[in-house]
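Fit chain B to the known structure of chain A by using the hints.
2 protein chains.
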Amino acid sequence: MILGIVILAVPVFSHQSHREYSEFAQALLKQGLTEQSTYAILKKITQTGPRLPGSSQAAAAVKLTQQLMLEFGLDAVHLEPTRVPHWIRGETAMAQLHSSEYGSQPLSIAAIGGSIATPEDGILSTVVEVKSFTELRKLGEKARGKIVFFNQPMDPTFLNTFSAYGQAASQRTQGAIEASRLGAVGTVVRSLTTTLDDFPHTGMLLYSPDSPPIPAACISTQGAETLSRILSLDPKTRLFLHFNCQNLEEVDSFNVVGQITGLEKPQEVVLLGGHLDCWDLSHGAHDDGAGCAQSLAALLLLKQSGIKPKRTIRAVMFMNEEFGGTGGIDYASSQRRRNEIHIAALESDRGGFRPLGLGIGGSKDRFSHFLKWEPLFHAVGLMWLRQGGGGVDIGPLGKSGTVLCGLIPDSQRYFHVHHSAKDTLSTVNPRELELGTIAMALWAYLIAQEGI
Amino acid sequence: MILGIVILAVPVFSHQSHREYSEFAQALLKQGLTEQSTYAILKKITQTGPRLPGSSQAAAAVKLTQQLMLEFGLDAVHLEPTRVPHWIRGETAMAQLHSSEYGSQPLSIAAIGGSIATPEDGILSTVVEVKSFTELRKLGEKARGKIVFFNQPMDPTFLNTFSAYGQAASQRTQGAIEASRLGAVGTVVRSLTTTLDDFPHTGMLLYSPDSPPIPAACISTQGAETLSRILSLDPKTRLFLHFNCQNLEEVDSFNVVGQITGLEKPQEVVLLGGHLDCWDLSHGAHDDGAGCAQSLAALLLLKQSGIKPKRTIRAVMFMNEEFGGTGGIDYASSQRRRNEIHIAALESDRGGFRPLGLGIGGSKDRFSHFLKWEPLFHAVGLMWLRQGGGGVDIGPLGKSGTVLCGLIPDSQRYFHVHHSAKDTLSTVNPRELELGTIAMALWAYLIAQEGI
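Residue numbers (our numbering), protein chains in the order written: chain A, 1 to 452; chain B, 453 to 904.
If we strip away everything but chain A, and leave its shape as in the complex, we get:
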């Protein structure tokens, strides 16, 4: 994979001309699309399997990406510790509806991440269906002893599917708390996906100290439609739930860090990152193997180009974005940061789809200043730069003034696969993925040379 091709010999100790950057952007595009290394790296990452925080697969991915960084000849390759929750799904996840009028029928479910198990014999109860917490609260005592079925679909009319996700996600994250407060014995939550299929889409939930934890599962959208229809025909329909997940003790895990050390201002860092962990129903190709592979491949691409940046360009594979974001928190607060200044950080955690633009954080003035580079990003396929950016993993760096940025791919396909068994390598297009890498490499190099 190492090519040893020097794309462009760039002068190091003086500001470069727009033309030089333009030629450099073209060279990155050419090299990236020819090699398409990102896909090969992503393949290796996904082959480690479902990388739930605390799992042996996550540990294997730590080892793999550290090894890749060494192979790519990155500097200062090391691990940084972080504590992560250790939840395991168990072997069983069963749901069955029972209607005296319409018969029995299995439904496709999966425990929500962090859920407690059902009792050993499962739960069998009648069901109340709601589409909002307001609706649920109105039920009051009628929810007691019942299974609460949250059935709010993602709104398909948003152009940006992340907005629709944001609007509907609280039923999964907060639903068990709200249901438990009313004395419910369990919850099932309609999967957060833009498609109608039979795959449960999982994610994390929260419990509250003020109400007992109750078992919570996500149900496929087709399952939700079925359950809703049968409930409307026969409100006495009962639902049987059985799953045996467990919350174990927290364990040690790691962020993986490597860099191209800056020649002039090595303590000033430009960071590219994604998260190495993923949900356990798939191999996390888009979420967020893609972001990790792109961050690694961007540094490989820069390394191959022969550039010696003024400031340090660093890749970080964050651990545990999905289960509390401890990796990002521990990275920002680590003693190792004491003598470093992170001037900008960019996270790729929206899937390996066709990148449309970059979100650039910081003040309006800073953004206006950065806009002078827009034609360079157009040349590598981006359509726009917009103000505002960030991500769960790099968020904690914001407190120290780091400019937080984000790669924004098109979002139409993301929630078809998100947090489900469908998030596999076969849904990733190597060219789309690579265009993200190229844009990230260009962004990092410009800031490493010019500041922000």
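It is possible that part of the hints are untrue.
According to the in silico footprint, chain B covers these stretches of chain A (three or more CB under 8 angstroms from chain B) [claimed, not checked]:
#1 33-44
#2 373-387
#3 412-424
#4 430-437
Simulated from the structure, these hints should not be mistaken for laboratory data.
Please read these numbers as outputs of a predicted model, since none were measured by experiment.
Where a beta carbon is used, it is the ideal one built from N, C-alpha and C, also for glycine.
Leaving out everything else, chain B in the frame of chain A:
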């Protein structure tokens, strides 16, 4: 599928305000993404099967889309005749390499559309590999009696994959002519795809009256790599080719036409179109079931909105884009056009992927004028309007001054599936497809009301 929802009551006999158009665009977006009718229509079209011009499947697709137009309540639904070639692939397509040193091995091929069959016993010959016509011509007499293997890959470094296709396509379209001129007995052509796989990607070829036709097949990219490697190790490697396709007599077929007749200027037509025929290795989901489904769905969406356009908005399902473009030619020259003025025509024939922008033909002044609508297109998800547009089917209208336009989706994935068995419904995302429909409906309505 008919909803009967009046999105917006719009005044008909006066110019509308930007705000009204803006609300209309929002309503189209909401309605389109909620219903996602385009995917349902595309499913029906693909279910007719491989719609090679002259085939029973193409005839079934004519009938189906005519029926859909009637169901949608379109006006003046009718068929317009066109003559089309009738080529059939036959049952056999075999290729096998034979090296005395490296053994025998089958290769994945398919006859190129329009090719003659091999002799009944097939062809067995040594092979000359070239990457350009210049290279071939240099071989001169060395090509006589040989199979010419054209192995120029698509250049992966183009952002726009259509440019890479354009650069490499002549080896498929003209290769048999060039090889025959040197006395070659057959040709195999590396498939025009951006990926390495074992699927042949077909297309059309041309023969010339000045040299005898020779059998021509496309070979999968993996097959091409294998053949090239073995040839480099053992130049005496022979290739066996056998396929039994046939060129039959031309037959009658049809373009399918339906419209929403304009209230004020019914003779002025704004046209949306795609082509109904496709290559026979798949069901032609992206090429060009998508464009047909979008054109139909755009008219359905407009119809459902309750608008009464000033000018006529027409959908045309062109026949035989793939095998000579007779549908587009006959449409433009039909006597029916005598009392019509086609003021603008937009073709969708670049796959049902995420639309990025619109290409707008005509003069620079006209384009500058049209740019005032850009914010409306941004609101439905497009990134840009650019000058220049058109397509094979609407091209012949250009002579009479029709402004030719095109929907431009992102091209990264197109040549993975193009003209191969992979061009199936499962590779189409309903949201991406629908965004194209919405943009097309908006484009058509604006021009129907405002002219261009």
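Right, here's what the structure says about each hint:
For a cut-off of 8 angstroms, the count of residues in the stretch 33-44 of chain A with a CB near a CB of chain B stands at 3, and the three-residue condition holds. Residue count for the stretch 373-387 of chain A with a Cβ under 8 angstroms from a Cβ of chain B: 4. That meets the three needed, and the coverage hint holds. Counting residues of the stretch 412-424 of chain A whose beta carbon lies closer than 8 angstroms to any beta carbon of chain B gives 3, which meets the minimum of three for the stated coverage. Counting residues of the stretch 430-437 of chain A whose CB lies closer than 8 angstroms to any CB of chain B gives 4, so the stated coverage by that chain holds, three being the minimum.
In terms of the numbered hints stated before, the structure departs from none.
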